[in-house]
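J.: The chain contents come next:
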Amino acid sequence: MTFQTLKTGFLVAVLSTLLAACSSTGTEDGTGEGLSGSDVGTGTAGSGSAYGDDLGAGGVATVFYFEFDKAVLTSEARAALDTHAQRLRGSNRQIRLEGHGDERGTREYNMALGERRANAVREYLIMQGMNGSNLEAISYGEERPAQLGSDEQSWSLNRRVEMK
Amino acid sequence: MMKYRLLLILSLLLGATFSAQAQLTIEITQGVDNPTVIAVSPIEAGNAVLPEDISNIVSADLQRSGLFNAIDRANMLSFPRETKEIYYKDWRVLGAQYLVYGNAERLSDGRLKVTFGLSEVLGEKIVLAQVVHGSNNNLRDIAHYISDKVYEAITGVRGAFSTRIAYVTATPGRDNKLVYRLMVADADGAREKLMLESREPLMSPSWSPDGKELAYVSFETGRPAIFSQKLGDASRQQLTNFRGLNGAPSWSPDGRKLALVLSKDGNPEIYTMDLASRQFTRVTNHFSIDTEPNWTPDGKALVFTSDRGGSPQIYKLTLASGALERLTFRGSYNARPRLAPDGRTLVLVHRDGGAFHIASQDLISGDFRILTSTYLDESPTVAPNGAMLLYATKRGSKNLLAAVSIDAGVKFLLPAREGDVREPAWSPFL
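Going down the list, the protein sequences come from chains D and U.
Heads up: the first sequence begins at 1 in my numbering, then just goes up one per residue.
Heads up: the second sequence begins at 1001 in my numbering, then just goes up one per residue.
FYI, nobody ran anything at the bench for these hints, they're computed from the structure.
Glycine included, every Cβ here is placed at the ideal spot set by N, Cα and C.
Heads up, a few of these hints could be off.
[Stated by the list, open to error] Pair ranges (Cβ atoms, derived):
(1) U:Lys1398 - D:Gln86: 40 to 50 Å
(2) D:Val72 - U:Lys1177: 29 to 39 Å
(3) D:Glu152 - U:Asn1241: 43 to 53 Å
(4) D:Gln86 - U:Gln1023: 53 to 63 Å
(5) D:Glu123 - U:Ile1364: 40 to 50 Å
Produce the entire structure from the sequences given, and follow the hints as far as they go.
T.: Right under this line is the structure:
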């Protein structure tokens, strides 16, 4: 599973490098206009395709972690989300906020907790001026752990929201 | 051309090994202190070899209930095929309290006629004598039928050996990403059958009361959605596609409705869905988490998990009146309730310190018992005869199924040969 995460990370890195290379406007200028991606896409121009821009550009976190049984954003998460909101305000890019939990507790209850976490991120981004219709909260509960293992470290890595 | 042929052969081979993928086995870890000693004499068709050993399956069924100790065939002094061949002394000497005996006969139309009996050794009395017909293809069904009849004659409780179980497996694929499979097998883990395979999570299988369909959650659309699938022809349909949660389906006892969870209105609420009209009725209304509904056997109420009191606890909602009652008060985490067929015994997941156990609560006396001693136990499902429950647990890093009797006296594990197994759902009587 760790290998899997690394591999996905690598794939995303390769894709974003490729996309950055194709894009004529820089994706790091931080303004909404620069991120419209209208000169990158083909048929999906303006609607924001899945890889329309690199959310993690400049090293901004796209995964946010939570305490056990909690859906409260940490100050680090809020700081990263402020940056995302600044970059994405005014853009039409569709964002998936995937909420996850650790393996403890029942599966459907963890689905609800995962959604609560994804909604905490969504509501924070809306407060920062983002358009809620571009933000979808989707819970995976405990079904897609980032790391397998029944220990505190694995659990803390699994209680997360991934921004995609 | 050659290449294609090779591919075809490979996929055929893969298909063949695949069908044996999870293959549950059984390890009995605890039985009752004074099990009934029973001998199951070989049931054979003269000189013809049957593809399944009926008596072995019956012995294993009875042994697995934890209530019986089956005598090893190697120790038997005789193999009676019919009543007049029983020498009770042979069985008293072995300490057998009961004897199952019989024979199979090939009829001219190719079918098999199995005659079996049950006798009480001390009283030298025939308790049961029956004939059952079948074919080579359903010898396991015949064996489970015999087990059901013998179990009921001795314990007074209907046997559940002819039932099935559904469960979800997760196995890393060739690319190391998890492959999720919804499986159905006999209650003893045999004859495992694939219902659905997906690269996206599958969860929460629930049987229709006629045992012909399963409802479950699949993420194949990129979001959780509820589907139902027929066991007969594997045909399936998508039942829900709302924004947010679409989860925890539970079939009503009359088969006409599903209780389920949707968060389309902002937070998880319980709804009932009329399957014929596709009308949804919202039955809870609270800003907290409401989830994991399960019907009472009379279909008049739902039990469910809610954290409206500050921690997850079990509540009961009477549908006609809207009356709500909190059922659990012990500890800070009680979730995923399932009612036994008597409507009185509630089983649930209970947190005790850092461990999650399966517990039962008698809804009349209030008696609360922790039934399991492992750490991450979840997803309890009660057999249709109420005698045992299956649940998911963890051994090392592996998820596997385990069973415990409702009085905690009998325990066994169903480890899989490969992969993680979770979310068992025991079928109704079939």
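J.: What are the numbers of the hints the structure violates, in ascending order?
T.: Those not satisfied come down to hint 3.
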